[in-house]
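Assemble chain B onto chain A, guided by the hints.
2 protein chains.
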Amino acid sequence: MPQRKIFDSGFRDELTQLLTWRRDVRQFRTDPLPPGTTERLVQAASLAPSVGLSQPWRFVFVEDARRRTTVRNVFETCNAAALAGYSGEKAERYARLKLAGLDAAPCQFAVFCDRSVLQGHGLGRSTMPETLDYSVVLAVHTLWLAARAEGLGLGWLSILDPATVVAALDVPKTWHFIGYFCLGYPAAEDDTPALERAGWEQRCDPARVIVRR
Amino acid sequence: MPQRKIFDSGFRDELTQLLTWRRDVRQFRTDPLPPGTTERLVQAASLAPSVGLSQPWRFVFVEDARRRTTVRNVFETCNAAALAGYSGEKAERYARLKLAGLDAAPCQFAVFCDRSVLQGHGLGRSTMPETLDYSVVLAVHTLWLAARAEGLGLGWLSILDPATVVAALDVPKTWHFIGYFCLGYPAAEDDTPALERAGWEQRCDPARVIVRR
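Order-wise, the sequence lines are chains A and B. Reading the first sequence from the start, the letters are residues 1 to 213 in the working numbering. Reading the second sequence from the start, the letters are residues 1001 to 1213 in the working numbering.
Read the hints as simulated data drawn from the structure, not as lab findings. Hints may contain errors.
[What the hints assert, rightly or not] Calculated Cβ distances over 12 Å to all of chain B for the following chain A residues:
1) Arg29
2) Thr30
3) Asp31
[Said to hold, decoys possible] Covered, in the sense of this in silico footprint (three residues per stretch, anywhere, with C-beta under 8 Å from a C-beta of chain B), are these stretches of chain A:
4) 13 to 19
5) 79 to 85
6) 112 to 124
[As the list claims (entries may be wrong)] EDC-like cross-link-like pairs, simulated, lysine to aspartate or glutamate; straight-line CA separation at most 20 Å:
7) Lys173(A) x Asp161(A)
8) Lys1098(B) x Asp1191(B)
9) Lys1173(B) x Asp1114(B)
10) Lys1005(B) x Glu150(A)
11) Lys90(A) x Glu76(A)
12) Lys98(A) x Asp161(A)
13) Lys1098(B) x Glu1076(B)
14) Lys5(A) x Asp1031(B)
15) Lys5(A) x Glu1189(B)
16) Lys1005(B) x Glu189(A)
17) Lys98(A) x Glu76(A)
18) Lys1173(B) x Asp1161(B)
19) Lys5(A) x Asp1190(B)
20) Lys1098(B) x Glu1189(B)
21) Lys1005(B) x Asp13(A)
22) Lys98(A) x Asp191(A)
23) Lys1098(B) x Glu1201(B)
24) Lys5(A) x Glu1150(B)
25) Lys98(A) x Glu189(A)
26) Lys5(A) x Asp1191(B)
27) Lys1005(B) x Asp31(A)
28) Lys1090(B) x Glu1196(B)
29) Lys5(A) x Glu1196(B)
30) Lys1173(B) x Glu1130(B)
31) Lys5(A) x Asp1013(B)
32) Lys1090(B) x Glu1201(B)
33) Lys98(A) x Asp190(A)
34) Lys1005(B) x Asp191(A)
35) Lys98(A) x Glu196(A)
36) Lys1005(B) x Asp190(A)
37) Lys1090(B) x Glu1076(B)
38) Lys90(A) x Glu196(A)
39) Lys90(A) x Glu201(A)
40) Lys1098(B) x Asp1161(B)
For every residue, glycine included, the Cβ atom is placed at its ideal position computed from N, Cα and C.
Just chain A, same shape as in the assembly:
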């Protein structure tokens, strides 16, 4: 095994492009995914770091029409409640935002953290047990980037009541819900976040988030 791997400036430039063109996608084409895509992306996700090498991520692909309907209903209820929390111009802007991709995306999946996982033997999470959930978030991001590199878009739905989603998906009780995702070919590509294009929010200067102590 060669125990060295160097990445050149050409790759680094492309990596920056990948980060720049990765979007949280809400509008999808209905084209199906090529065979083997989900398996390949979960394989990439499994290269993510995890606390104590615990790999607690669990991917639940939701194919049943009734389960999908339940998730859509949960989203619509929660989204209406969230909209009610805004007023004036902000409420108008919120109402115009497209926040789900549930209608068109060919693939939907939920991601869980198996909090009962034995793998890793508890290493590294005695004082910060939340690192187990964080490990799953790292895997989601890995999948996200691998998907974008294939021309696929991912959308993360968080406007959901976790308890209702969990009940609909019939998973072990020790699995903690992290998020619900739509995956498919994006209707459009962009290097600017949709929320920035929609006038909801702008990105801040990265220098402003650095503090020295």
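Relative to chain A, chain B alone:
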């Protein structure tokens, strides 16, 4: 602005290599980082997704020797307590693991989530407020990959008492501690996790984490 960006198979292969060669590094060379490295990496991290475009990540670079000593002491205390939780062969293996890189790494930083952030106007986190912390984890992973592409290694320390670290770093009370990190040139490179090489744990077959519903 061209609104299309395609990544070729050569880039995808290199991306897989990046994911494969990204390690959680605990043994560093003492060489300093090139000037501008931390700013450049935080800029890359700021391309990460965040709920409602809230960008709640805050990077605290720890340069003061007394603050670094406090963090090292916290680690040693917590690590000894964690070791006491294992017995027999597992305790012996634990004692042999190198779990910090605090001695040699030229750069140390803590990462926080500003839970009082107004950016994003609360979008997307009414039912799942934990997505704000998750956004910070996504930024950490982005920085991790960008660092590895430059030949730098990152180590995530989670065997820490958050309250003591937070007190030592003198940050706003609304900032929630996510993790503490060592950054520098790795003493060695590898395509296999250190915990696997040390016989602590092995990675599982990715197919086993997929469920269909």
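If any of the earlier hints don't hold here, list their numbers in rising order.
none
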